[in-house]
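Participant: Here is what each chain is made of, one letter per residue.
2 protein chains.
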Amino acid sequence: MHLFWGSGSVPCFRPMIVLEEKGLSGYGHKQVEFSKQEHKGEDIMALNHRGQVPTFKHGDIVINESKGICQYLEDEFKSQGTQLIPSDAKQRAHVLQRMFEVDNLQDKGVIGVMYAQWKEKDLKPEILEERKKTLAAELSIWEGYLADKPFICGEQFTMADVFLLPILALFVRGSLSLEARPNLKKYYESLSERDSIKASWPPHYKTSPPTQIFAGV
Amino acid sequence: MHLFWGSGSVPCFRPMIVLEEKGLSGYGHKQVEFSKQEHKGEDIMALNHRGQVPTFKHGDIVINESKGICQYLEDEFKSQGTQLIPSDAKQRAHVLQRMFEVDNLQDKGVIGVMYAQWKEKDLKPEILEERKKTLAAELSIWEGYLADKPFICGEQFTMADVFLLPILALFVRGSLSLEARPNLKKYYESLSERDSIKASWPPHYKTSPPTQIFAGV
Numbered sequence: 042m043h044l045f046w047g048s049g050s051v052p053c054f055r056p057m058i059v060l061e062e063k064g065l066s067g068y069g070h071k072q073v074e075f076s077k078q079e080h081k082g083e084d085i086m087a088l089n090h091r092g093q094v095p096t097f098k099h100g101d102i103v104i105n106e107s108k109g110i111c112q113y114l115e116d117e118f119k120s121q122g123t124q125l126i127p128s129d130a131k132q133r134a135h136v137l138q139r140m141f142e143v144d145n146l147q148d149k150g151v152i153g154v155m156y157a158q159w160k161e162k163d164l165k166p167e168i169l170e171e172r173k174k175t176l177a178a179e180l181s182i183w184e185g186y187l188a189d190k191p192f193i194c195g196e197q198f199t200m201a202d203v204f205l206l207p208i209l210a211l212f213v214r215g216s217l218s219l220e221a222r223p224n225l226k227k228y229y230e231s232l233s234e235r236d237s238i239k240a241s242w243p244p245h246y247k248t249s250p251p252t253q254i255f256a257g258v
Numbered sequence: 042m043h044l045f046w047g048s049g050s051v052p053c054f055r056p057m058i059v060l061e062e063k064g065l066s067g068y069g070h071k072q073v074e075f076s077k078q079e080h081k082g083e084d085i086m087a088l089n090h091r092g093q094v095p096t097f098k099h100g101d102i103v104i105n106e107s108k109g110i111c112q113y114l115e116d117e118f119k120s121q122g123t124q125l126i127p128s129d130a131k132q133r134a135h136v137l138q139r140m141f142e143v144d145n146l147q148d149k150g151v152i153g154v155m156y157a158q159w160k161e162k163d164l165k166p167e168i169l170e171e172r173k174k175t176l177a178a179e180l181s182i183w184e185g186y187l188a189d190k191p192f193i194c195g196e197q198f199t200m201a202d203v204f205l206l207p208i209l210a211l212f213v214r215g216s217l218s219l220e221a222r223p224n225l226k227k228y229y230e231s232l233s234e235r236d237s238i239k240a241s242w243p244p245h246y247k248t249s250p251p252t253q254i255f256a257g258v
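Listed in order, the protein sequences are those of chains A and B. According to the working numbering, the first sequence is numbered sequentially starting from 42. According to the working numbering, the second sequence is numbered sequentially starting from 42.
There may be inaccurate statements among the hints.
Treat identical chains as interchangeable: a pair holds within one or across any two.
As the list claims (entries may be wrong) - Dumping the calculated DSS-like pairs for lysine-lysine here, alpha-carbon to alpha-carbon at most 25 Å: (1) Lys-226 to Lys-131; (2) Lys-239 to Lys-119; (3) Lys-247 to Lys-71; (4) Lys-239 to Lys-71; (5) Lys-149 to Lys-162; (6) Lys-98 to Lys-131; (7) Lys-149 to Lys-173; (8) Lys-81 to Lys-173; (9) Lys-190 to Lys-239; (10) Lys-160 to Lys-81; (11) Lys-131 to Lys-71; (12) Lys-174 to Lys-160; (13) Lys-174 to Lys-226; (14) Lys-160 to Lys-149; (15) Lys-173 to Lys-160; (16) Lys-165 to Lys-149; (17) Lys-119 to Lys-131.
It is worth saying that the hints were derived from the structure and are not from the lab.
Please build the complete structure, drawing on both the sequences and the hints.
Facilitator: Here's what the structure looks like:
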């Protein structure tokens, strides 16, 4: 089992949490430096023509899509470690709903606010302001979902938390304030102390100062 | 079982194919007219605060995320009709990889080219041209995947086809030419004749003229 990954990548963070939850700690891995274009290195390109991380190998099986890796690991190691997708139909539907619903935070936060500041050269301040408001409204929905619950789907840590926490961590790293969002704050602080998440935490979040990408959202 | 859906929505098309493949034809449904804002109607809002389709109800279970509905139906009706996610680990990994890899077509085609023409008021022609080239390059990857195969993962129709075909149909509807893409052309023409896909085909694709959104890609 071998994982190529990069620090701060949400799609890498997720399967790393799953690997820990499944008791697969100690898997083979290589951290690539994006700034050195190591994700386009020969070792990764031989397995993944897109030259992206995560790139994951399990025996002769290669799978590179983050959500696919998470699902694959859950299926292969269902009864090992934490069961991340419940057996009960109603609970499972709830987890599946929230897992994919997290893409709203991806679209409004990562694409709408973060990539926009990196890539859109003519981005007008009022457009950025508007998009930050859209992200804030989306965060209010998740604040509501978390009322009186330790995890996003209730009393158990599930794949929906695996999908949600890394994107929330990215926002906080980018100076999103959780002060007026008490449920998200409690959730974030509590999950940050979970073993699987601590073990997978992006190294450079610990060693370099935060960005201002999500300040004022 | 009840599905709220809209014509031409890729996220609606996918679970509709799954329902047919699982032999659930005849399920309760309501087609909403986007132009009349029917997706924001009371019936949908009572089940889905986002006011979006698909909105799907199965007994007291509600699930609205398209990918989640597809996974839910596959799990609940695993041995009924077509098995869409293989039991064999290697085959399953392949299907999971392609299912989520389709998001590249979504990002480069639907967001980069289609929404751009709808929403970006100051979109420069040279930027649109560049994005069409990016989409064409992405399509070449899928053209390669389909060499000598009837389905995207080989000899069997799988969930990866459920995810791929509707987006390809959207592109063709928008005047994407498949003439220089023989594998995609054969795949598209063959799958268009499949019962589950014919039964789920967006009604307005049959009755109104094509758009030019993907012309020249």
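Participant: What are the numbers of the hints the structure violates, in ascending order?
Facilitator: 1
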